[in-house]
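Participant: Here are the chains, one letter per residue:
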Amino acid sequence: MVELQKILELYEHMEKNKQRYLDTIEKYMNKFDQSIASHDLKSFNNIFIEIANTSTTKETKRIFNSYSSFFRLESIKNALNNENTEKINLFWNDVNGVKELLKKYNITIFMIRRLSCNLPDLYKKEAHTYLRSISPYIVNSIINDLTVKAGNENYIYFALATDCIESNNYRNAFIYLSFLKNKTDEVKSLMSTLAKTLNSESNKPVHPEI
Amino acid sequence: MNDKEFCFIICTNDELFLNECLIFISDLYIPEGFSIDIITIKGAVSMTSGYNEGMRSSKAKYKIYMHQDVFILNKYFLINLLNIFNCNPSIGMIGMIGAPELNKEAIMWSVLRFGCIMTKADFNLPYESELCDNPGSSFVVKVIDGLLMATCVDIPWREDIFDGWDFYDCSQSMEFARKGYKIVVPEQKSPWVLHDDGVALSLLNYNHYRKIFIEEYKKELPD
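Chains as they are written, first to last, in our numbering: chain P, 1 to 210; chain B, 1 to 223.
Derived by calculation from the structure, the hints in this document are not laboratory data. It is possible that some hints are incorrect.
Simulated crosslink set (DSS-like; lysine-lysine; CA at most 30 angstroms straight-line) [said to hold, decoys possible]:
hint, chain 1, residue 1, chain 2, residue 2
1, B, K75, P, K103
2, B, K120, P, K181
3, P, K27, P, K99
When you get a sec, could you build the whole thing from the sequences and use the hints?
Facilitator: Structure (structure tokens):
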């Protein structure tokens, strides 16, 4: 009963302050838009730091937690930072603003989901082709995104790792396998083989036991 | 009325979602002798007006009103709907998730609900499409969630009072009950649909329409 009362109070508050909620959403979406358009990862990260800051109002935090686009942008942020660390193509390199970025994220969700769904081969092939063009980090972010039901995670990682091995993208294959939970001895052995191959090919060693 | 036709009616503002939704629809098994039609409404000013426009545009007996971000996973979906409607002529509408009773605050997700939609955990097992082998075991409910609402009879949506994007589902459930029809939610071993609405929803207008709903249907709600 207490919880219901709190929910009702929240709804009343949202109704009475609707314009302020909308203004706050617009303010932050504009900030995101600017940082995305300029591919400025530092300023993009700073927006989340600002929201998490204790000086940010409770209402702003509540707004952030009630708008799923913000969750998804945070998920994208995690992937971008990993991609940046690994010095690979960033997920947002070919987008010019927040709408395009979220659209690309949604496309990626759909393609990942198709792997687990019982759809005709045509659509699964389209999914595999698309997913070769993006990094394992965005796939990992999507799977960990609480707002997304993407599919069976181990199946997805394994399917994409297999795809990468077949197309000689051993680094991405290794990364996908590293995301697997409860790795079998076969998987560990495969990772070790991939690590040896990668280490012999490049100056950037890959640790076999991620 | 064409009693051998299903019509999907979808209000849409996003081609990407719509196209993905249609991929899943195109992969459904169609009962023998039946056909399907799809009506998409762009630029609707409200869900009720969009659905009324779709309803008036189709002579199909069976109409499936659904969100563009709903993906029908169960390939036997249409066959199951038919079996449920045919097992009891008093059934007017079928949903995927619904509440047998509403509280006086009219908040559907704060009360007991039947039915299910796909969750992250559901993906841990391989998905299998299922034939509803006991259509008579469906749960009778008072209201269903608007993500998907399948009907076998046309009753106008209340666009006169629900002129936004909230409570059109609860309202239509009450309208069906007022006309003497039952609303049911099938037993689902695995969820028949996936709803890609994200966890956090925009509820800025929810309370406004909640009050309108309570005022209109107060005699049918608990004190």
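Participant: For each hint, tell me whether it holds in the structure or not.
Facilitator: Hints, one by one, checked against the model:
About 27 angstroms separates the Cα atoms of B/K75 and P/K103, which keeps this hinted pair within 30 angstroms; it holds. At most 30 angstroms may separate the alpha-carbon atoms for a hinted pair to count; B/K120 and P/K181 meet this at roughly 16 angstroms. The hinted pair formed by P/K27 and P/K99 meets the criterion: a straight-line CA distance of about 15 angstroms does not exceed 30 angstroms.
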